[in-house]
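2 protein chains.
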Amino acid sequence: MNSSTPTHSLKLLPFSLLFLLGIVSAAPHNIPRLTAIRGKQFKQASNTILAYNSEDFKTFFHNQTLDHFNFRPDSYAIFQQRYMINDKYWGGAEANAPIFVYLGAENPLDDDFNVIGFLADNAPYFKALQVYIEHRYYGQSVPFGSIEEVMKNEDTRGYFSSAQAIADYAEVILHLKGTLSAQSCPVIVVGASYGGMLASWFRLKYPHVALGALASSAPILYFDDITPQNGYYSLSARISSALVFVNDGVLQEASESCYKTIQESWSEIDRVASQPNGLSILSQKFRTCSPLNNSSDLKDYLESIYTYAAQYNDPSTNPVSNICAGIDGAGQGTDVLSRIFTGLDAYYQDSCYNLNPSGTTSRSYFNGWGWQRCSEMVMPIGRSDNTTMFPPEPFDLDSYVKRCVSLYGVSPRPHWVTTYYGGHDIKLVLRRFASNIIFSNGLKDPYSSGG
Amino acid sequence: MNSSTPTHSLKLLPFSLLFLLGIVSAAPHNIPRLTAIRGKQFKQASNTILAYNSEDFKTFFHNQTLDHFNFRPDSYAIFQQRYMINDKYWGGAEANAPIFVYLGAENPLDDDFNVIGFLADNAPYFKALQVYIEHRYYGQSVPFGSIEEVMKNEDTRGYFSSAQAIADYAEVILHLKGTLSAQSCPVIVVGASYGGMLASWFRLKYPHVALGALASSAPILYFDDITPQNGYYSLSARISSALVFVNDGVLQEASESCYKTIQESWSEIDRVASQPNGLSILSQKFRTCSPLNNSSDLKDYLESIYTYAAQYNDPSTNPVSNICAGIDGAGQGTDVLSRIFTGLDAYYQDSCYNLNPSGTTSRSYFNGWGWQRCSEMVMPIGRSDNTTMFPPEPFDLDSYVKRCVSLYGVSPRPHWVTTYYGGHDIKLVLRRFASNIIFSNGLKDPYSSGG
Numbered sequence: 325m326n327s328s329t330p331t332h333s334l335k336l337l338p339f340s341l342l343f344l345l346g347i348v349s350a351a352p353h354n355i356p357r358l359t360a361i362r363g364k365q366f367k368q369a370s371n372t373i374l375a376y377n378s379e380d381f382k383t384f385f386h387n388q389t390l391d392h393f394n395f396r397p398d399s400y401a402i403f404q405q406r407y408m409i410n411d412k413y414w415g416g417a418e419a420n421a422p423i424f425v426y427l428g429a430e431n432p433l434d435d436d437f438n439v440i441g442f443l444a445d446n447a448p449y450f451k452a453l454q455v456y457i458e459h460r461y462y463g464q465s466v467p468f469g470s471i472e473e474v475m476k477n478e479d480t481r482g483y484f485s486s487a488q489a490i491a492d493y494a495e496v497i498l499h500l501k502g503t504l505s506a507q508s509c510p511v512i513v514v515g516a517s518y519g520g521m522l523a524s525w526f527r528l529k530y531p532h533v534a535l536g537a538l539a540s541s542a543p544i545l546y547f548d549d550i551t552p553q554n555g556y557y558s559l560s561a562r563i564s565s566a567l568v569f570v571n572d573g574v575l576q577e578a579s580e581s582c583y584k585t586i587q588e589s590w591s592e593i594d595r596v597a598s599q600p601n602g603l604s605i606l607s608q609k610f611r612t613c614s615p616l617n618n619s620s621d622l623k624d625y626l627e628s629i630y631t632y633a634a635q636y637n638d639p640s641t642n643p644v645s646n647i648c649a650g651i652d653g654a655g656q657g658t659d660v661l662s663r664i665f666t667g668l669d670a671y672y673q674d675s676c677y678n679l680n681p682s683g684t685t686s687r688s689y690f691n692g693w694g695w696q697r698c699s700e701m702v703m704p705i706g707r708s709d710n711t712t713m714f715p716p717e718p719f720d721l722d723s724y725v726k727r728c729v730s731l732y733g734v735s736p737r738p739h740w741v742t743t744y745y746g747g748h749d750i751k752l753v754l755r756r757f758a759s760n761i762i763f764s765n766g767l768k769d770p771y772s773s774g775g
Numbered sequence: 325m326n327s328s329t330p331t332h333s334l335k336l337l338p339f340s341l342l343f344l345l346g347i348v349s350a351a352p353h354n355i356p357r358l359t360a361i362r363g364k365q366f367k368q369a370s371n372t373i374l375a376y377n378s379e380d381f382k383t384f385f386h387n388q389t390l391d392h393f394n395f396r397p398d399s400y401a402i403f404q405q406r407y408m409i410n411d412k413y414w415g416g417a418e419a420n421a422p423i424f425v426y427l428g429a430e431n432p433l434d435d436d437f438n439v440i441g442f443l444a445d446n447a448p449y450f451k452a453l454q455v456y457i458e459h460r461y462y463g464q465s466v467p468f469g470s471i472e473e474v475m476k477n478e479d480t481r482g483y484f485s486s487a488q489a490i491a492d493y494a495e496v497i498l499h500l501k502g503t504l505s506a507q508s509c510p511v512i513v514v515g516a517s518y519g520g521m522l523a524s525w526f527r528l529k530y531p532h533v534a535l536g537a538l539a540s541s542a543p544i545l546y547f548d549d550i551t552p553q554n555g556y557y558s559l560s561a562r563i564s565s566a567l568v569f570v571n572d573g574v575l576q577e578a579s580e581s582c583y584k585t586i587q588e589s590w591s592e593i594d595r596v597a598s599q600p601n602g603l604s605i606l607s608q609k610f611r612t613c614s615p616l617n618n619s620s621d622l623k624d625y626l627e628s629i630y631t632y633a634a635q636y637n638d639p640s641t642n643p644v645s646n647i648c649a650g651i652d653g654a655g656q657g658t659d660v661l662s663r664i665f666t667g668l669d670a671y672y673q674d675s676c677y678n679l680n681p682s683g684t685t686s687r688s689y690f691n692g693w694g695w696q697r698c699s700e701m702v703m704p705i706g707r708s709d710n711t712t713m714f715p716p717e718p719f720d721l722d723s724y725v726k727r728c729v730s731l732y733g734v735s736p737r738p739h740w741v742t743t744y745y746g747g748h749d750i751k752l753v754l755r756r757f758a759s760n761i762i763f764s765n766g767l768k769d770p771y772s773s774g775g
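Here the protein sequences line up with chains W and D, keeping their order. 325 is the number of the first residue of the first sequence in the numbering used here; add one for each residue after it. 325 is the number of the first residue of the second sequence in the numbering used here; add one for each residue after it.
Hints were generated in silico from the structure; no laboratory data involved. We treat Cβ as the ideally placed atom computed from N, Cα and C, and that holds for glycine. Please note that a few of the clues may not be correct.
As the list claims (entries may be wrong) - Chain W is faced by these chain D residues, among others (derived, beta-carbon under 7 Å):
1) Asn394
2) Phe395
3) Pro448
4) Lys451
5) Asp479
6) His532
7) Val734
Work out the full structure: start from the sequences and follow the hints.
What follows is the structure in structure tokens.
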């Protein structure tokens, strides 16, 4: 990655922001549309701060069944699933001391240690065993070898689903309880964002395995048509758009005129792009390293810049103030897009701007979450009007499906998550049926104090 | 089938016995071991008494997804799943009138109408919609064409599992609720025996789809190692061996000496079989149509004869009295096996006895339940000592697995049912988590009054 990208300043970020980074970069609502992942990427803080002492952990690999739900010969294939255990504080099986299980999400397990404080923070008080299980197809738990090879093959990537993943967790936990003679020890599963969905779904589907779940920042209602007619729209929209609102708010707070300039810029980009030579005008104006192929690349890039600046508003470099000072300082006479670029360049001062870093697309699309969003995690996330500074972008299922089919050859199943896990009338269902699920919102209620 | 087999008298049986026939012939514990199905078969009462008026039913076919849990190209195959609806008594969507859904089990749907009284009996009082859904791979709901072809192919039969089946039910019910604008109508799922397991599992896995379940005669505890160490053995053994005890009791009641002769006969068969020319001696003594290949065929045959006689003890033909009169009347001087044969022949009077009717094995093994028992429905059912008149037969997982592998090429997964559905500490789990599941025992608590 180009050293002039803002990610090099991550080492200076305090843990609370890293925590947020972890939650946010893991959040499905971080990717409000498929195209957005072509913009500037958030860097994982994998080599920065270690929230755990690696010496206390032992790593194991479980012989995991590829396909739990069918009995075809291929279903019986076994892959190695990684999990890690820390028994430093565990009170032991005879004392019925609890087992805290972190359910891995869409990252290698290594990345999650940096941002998951709950287990480490609470284990000493509860004398709990800490278990971290990696999600299938991530990190070192990839069936059939390298993730790149696996994701290219429509048959091998087809077993990459949430139902298989939580069945994996059930198998590992039951195996562990057997090995440790810990059948009577209560199990609490923990997860954040997508992992939070997994934790709540795990408690719903495997109540005989987990006694409780802590689901942090889990947008389980953001599926299918759980929309106005059910009265959940305002709730789910609020939760899932929280990131947009936060970014929006930070920039609005910094400068009202800056906010309005950004708000105006999207349609101006479209207008210029539609002119003869429009794309080359834009390429020049934004000093792109290579000519623009379409205006979306530019909009996605700028969107990620603002999001990033607001989210990781490092006090030592002040990206928000710097960008807005640039935008506002360009003067009233300057046109909207020139002001935008002045703001961008005031902070980053790059010789040219690489809107689509090589390898980013393939890494995103063939590294897990892109596939999951195109198979079952169909969250109809859109911005339907001009109430934020970001461009309106209504969710369009048809084009979403077309895009997924062109990428992966198979169509998403937009209703499967609500069919299998529920969602409609979830309050009613949870009250009547489930218990011991804590839903916390990671943005307002930091995960590390979630206990 | 040979017209001299006792099944031709079924037409005379009253409904209450037909009910029992349905429950019992559907019951997994009807097949205490794999070999038993090589004995005399119970005939389905498919053309005898109709418990419903077929004019009130409309038949539909749902475009069902072959594989709900994976996203391989093959997973997207669609098959036609049959379901039938009777809206004669339904109070309608606006009145939030309930929907009773019978979850098909290991029979064609047509067979089940004869024995399932609950829906028809209760629909008028609850103004309920009656829905009957056929289980995948049975009746007219077979993917890929004929069941014989499908079951020969290891890939096509591999999608034949309970998890897929209950996901099918969820899809059909949600589709129906959508079509009928009946989202607010409570759904109660109903099933007996294997279907009863499905009903209870459905309520556990899809609480957002079904508000309640009536699970009749469902041996959900008969899996894995839910055995003495957990304190469930006596309970589950009692439930699952109920059929054996009933047969046992009926014959013991008829004649104590008959009972004792049968009890002694099993070891005597083994003793004779182990002698030189033993099998041909047995073939002669029991007038078999073709020479015996092993003593198990004879024992299985006799076991099914006694079971059948006691279970369907038609008052007009009195099989129990006739068989026991023959056994007891042979005189004290006659050897045990001759007395047994005299009893058999007194009732059936066949020219020869066909212990392994052609086609029976393949029909059983390739028609569904044999496969299900060899994939996930691994119920460790055995008779561990001489407390019944039947031969002791401890369950041996190793030989069970070997037999399944030789038949189907894949190994059963004996722990999967308890992993996915639970079972250990089920009382605790049900009390803490589930609700609205009624478990009734079909043998003592007839299904038709189960409401």
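Evaluation of the provided hints:
1. Asn394: This interface hint holds because 5 Å falls under the 7 Å limit.
2. Phe395: It holds, given that the least Cβ distance between Phe395 (chain D) and chain W is near 4 Å, below 7 Å.
3. Pro448: Violated - the Cβ of Pro448 (chain D) stays beyond 7 Å from chain W, reaching only about 27 Å at its closest.
4. Lys451: 22 Å, violated
5. Asp479: With a closest approach of 5 Å, the Asp479 (chain D) hint holds.
6. His532: 3 Å, holds
7. Val734: Holds, because the Cβ-Cβ distance from Val734 (chain D) to chain W comes to roughly 6 Å (cut-off 7 Å).
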